[in-house]
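Undergrad: Can you build the whole structure from these sequences, using the hints too?
Listed in order, the protein sequences are those of chains A and B.
Take 141 as the starting number for the first sequence in my numbering and just add one per residue.
Take 143 as the starting number for the second sequence in my numbering and just add one per residue.
For the record, the hints were derived by calculation from the structure and aren't laboratory data.
Wrong hints could be hidden among the right ones.
From the structure, some residues in chain B lie toward chain A, with a derived Cβ separation under 10 Å [to be verified]: (1) Ala168; (2) Met178; (3) Phe184; (4) Arg192; (5) Pro318; (6) Gln321; (7) Leu328; (8) Leu339; (9) Gly342; (10) Arg345; (11) Ala348; (12) Pro352.
According to the in silico footprint, chain B covers these stretches of chain A (three or more CB under 8 Å from chain B) [what the hints assert, rightly or not]: (13) 154–160; (14) 267–280; (15) 316–322; (16) 375–387.
With beta-carbon atoms standing in for the labels, derived distance ranges [said to hold, decoys possible]: (17) Leu376(B) to Glu227(A): 48 to 54 Å; (18) Pro282(A) to Val259(B): 49 to 55 Å; (19) Met395(A) to Pro318(B): 31 to 37 Å.
Here the structure is a predicted model, which means the values were calculated and not measured.
Glycine included, C-beta positions come from ideal geometry on N, C-alpha and C.
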Amino acid sequence: MTAALVQATYLTRRALDRAIRQPGHIFFALVFPMVFLFVVSGGLDRAAHLPGFPADSFLAFALAIPFVHGGLFVAINAAVELGRDIETGFLNRLALTPARSVPLVLGHLLAAAALGVGQALVYLGVGTLAGVRLESGLLGVPVILALAALASLAFGSLGTAIALRTGNSESVQGLFPVFFVALFLSSMVMPRHLIEADWFRAIATLNPVSYLIEGLRSLVIAGWDGQALALAFGCGTALVAAALAASAAAFGERMTRT
Amino acid sequence: MSGAGVVSVARGVAWRGIHNAFTNPALLVPALMFPMIFFVGFAGGVARIRQVPGFDYPPGYEAFQFAFVLLQSAAMGGVFTGFGIARDFEHGFARRLMLAAPRRSGIVLGYAAATMVRWLFVISVVFVVGLVLGMQVFGGPVDLLGLLVLALFVNFAGALWATGVAMRVRSTQAGPFMQLPIFLLLFLAPVFVPFQLLEGWLRSVATLNPFTPLLEAARSLLAGAPTGVGVAFLAVAGLVVALSLWALTGLRSAERAG
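TA: Spelled out as structure tokens, the structure:
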């Protein structure tokens, strides 16, 4: 167990080093969600005047988006790196050493979570500079960071399952539009009770990403909403558990084939 | 003779691009999915914004968003060309192509032509989805033809921009630098509400953004009440001229690099 933890620590550091050596990826994952936040909140500023809108400022309402959006980017990058480790034979070489291969998968996921937290700190700082105040106060910050890490882990675990199943990075990159669909067909830019189209509201209600966003949003605009937080942590954890189970199955199959 | 050389090179490159696009789902699916996500996500999720006082667009919010998605997909479809060129450089194909082509400007034209064909397919699918979701089109055949030609110019401009970047950097690492400026241009415009309802910094930026008159003209054509169409065509023609120089100097840069 201790050996596995030491191996996971080394492999997390390796994954972080590799991520940092690709500044283009880090820059895009960090900047794109912020740009999206500002253009969407600028364009939809008037929505805050709609009757029943839960916040006075659309920027505060939308601040939850980059935590999940950024998590999506780092998760895809982490899964692509795992795909490359499979393509280049690193996973197979690792299987020939005393090191266990499970820490490799964990290393990529923990690195994604760490990058997700780092990005979340930047988004929080930028949001504060733009005038957003957290209704949950300073105590809300660690909870936001935990949810941001959970979002990165959830998307990352799904990407890992695909990488292990297919064994190539291109298939993982193909996941990006799918994750993007999940983000867009959620309550990302409008509270569910204000979504006009019944079909869209139904999809957003079934979509776990809605609950991740609503949990994060509640800490920014509402304070401490136990139900929203329970749903966010519940959905995030369920996604991680399901994806890790799929990863474990795919991993076993891959090692048997090897 | 030289004109014939350009056409024959362009035809060959275009045929290869079209063949690759329609036989490789990894290339076609993202090109199709992103406009679809934007259209469904915005038209379905944000439609309530039309209840804001002063929002007046008779064909409805689906058509309002379709005009944006039409131009967005045209511009971003052009950017996908750059990805293909950068990939061709990484695999060494582009260099062999430049050695073989008697008139190298035909290479740029060929890539752009393939992009147009792929975009026409993409937008046809999105248009049908729009009609299924209840989009109303008030414009007549002449308006729609004008809209299509305007979007084709935008597509060509996007392809020229991305070609210029790809020919200079010759690596897929340049992807974010192809996408981000176009993304900013697209979203720093009246995407969610008409221009007169924009407030604050976004209104100031949208006033200067060359994409704003294009978007407003596209919406007016879709509504059957053309306004500002001449200005839009002038703006896009200016973009095409400037970006042609950008793409051709990029080609010269690639030639010098050998």
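Undergrad: All the hints need checking, so say for each whether the structure fits it.
TA: Comparing the hints with the structure gives:
A distance limit of 10 Å between C-beta atoms decides the matter here; for Ala168(B) the minimum to chain A is near 6 Å, and the interface restraint holds. A hinted interface residue such as Met178(B) counts as satisfied when its beta carbon comes closer than 10 Å to some beta carbon of chain A; here the least separation is about 8 Å, so the hint holds. A least Cβ separation of about 8 Å between Phe184(B) and chain A falls short of the 10 Å threshold, and the interface hint therefore holds. Restraint check, Arg192(B) versus chain A: the minimum CB separation of about 9 Å is within 10 Å; hint holds.
Checking Pro318(B) against chain A by beta carbon gives a least distance of about 4 Å; that is within 10 Å, so the hint holds. At its closest, the beta carbon of Gln321(B) sits 8 Å from a beta carbon of chain A; the interface hint therefore holds under the 10 Å criterion. For the restraint placing Leu328(B) at the interface with chain A, the shortest Cβ-Cβ distance is roughly 9 Å, inside the 10 Å limit, so the hint holds. The criterion of a C-beta within 10 Å of any C-beta in chain A is met by Leu339(B), whose closest approach is roughly 6 Å, and the hint holds.
Annotation: interface hint on Gly342(B) holds; nearest CB of chain A at approximately 7 Å, less than 10 Å. The interface hint given for Arg345(B) is met, as the beta carbon of that residue sits about 9 Å from the closest beta carbon of chain A, less than 10 Å. The beta carbon of Ala348(B) is positioned within 10 Å of a beta carbon in chain A (closest approach about 9 Å), and the interface hint is therefore held. About 16 Å separates the beta-carbon of Pro352(B) from the nearest beta-carbon of chain A, more than 10 Å, and the hint is not met.
Here the stretch 154–160 of chain A counts 0 residues with a CB under 8 Å from a CB of chain B, which misses the bar of 3, and the coverage is violated. Residues of the stretch 267–280 of chain A lying with their CB closer than 8 Å to a CB of chain B number 0, which falls below the three-residue condition for coverage. With 4 residues having a beta carbon nearer than 8 Å to a beta carbon of chain B, the stretch 316–322 of chain A meets the requirement of three or more and the stated coverage holds. Coverage of a stretch by a chain is defined here by at least three residues with a beta carbon nearer than 8 Å to that chain's beta carbons; for the stretch 375–387 of chain A and chain B the count is 0, and the condition is violated.
For the pair Leu376(B) and Glu227(A), the supplied restraint of 48 to 54 Å holds, since their beta-carbon distance comes to about 49 Å. Checked against the hint of 49 to 55 Å, the pair Pro282(A) and Val259(B) passes, with Cβ atoms roughly 52 Å apart. At roughly 35 Å, the beta carbons of Met395(A) and Pro318(B) sit within the given window of 31 to 37 Å.
Hint compliance for this structure: hints 12, 13, 14 and 16 are broken, all remaining hints hold.
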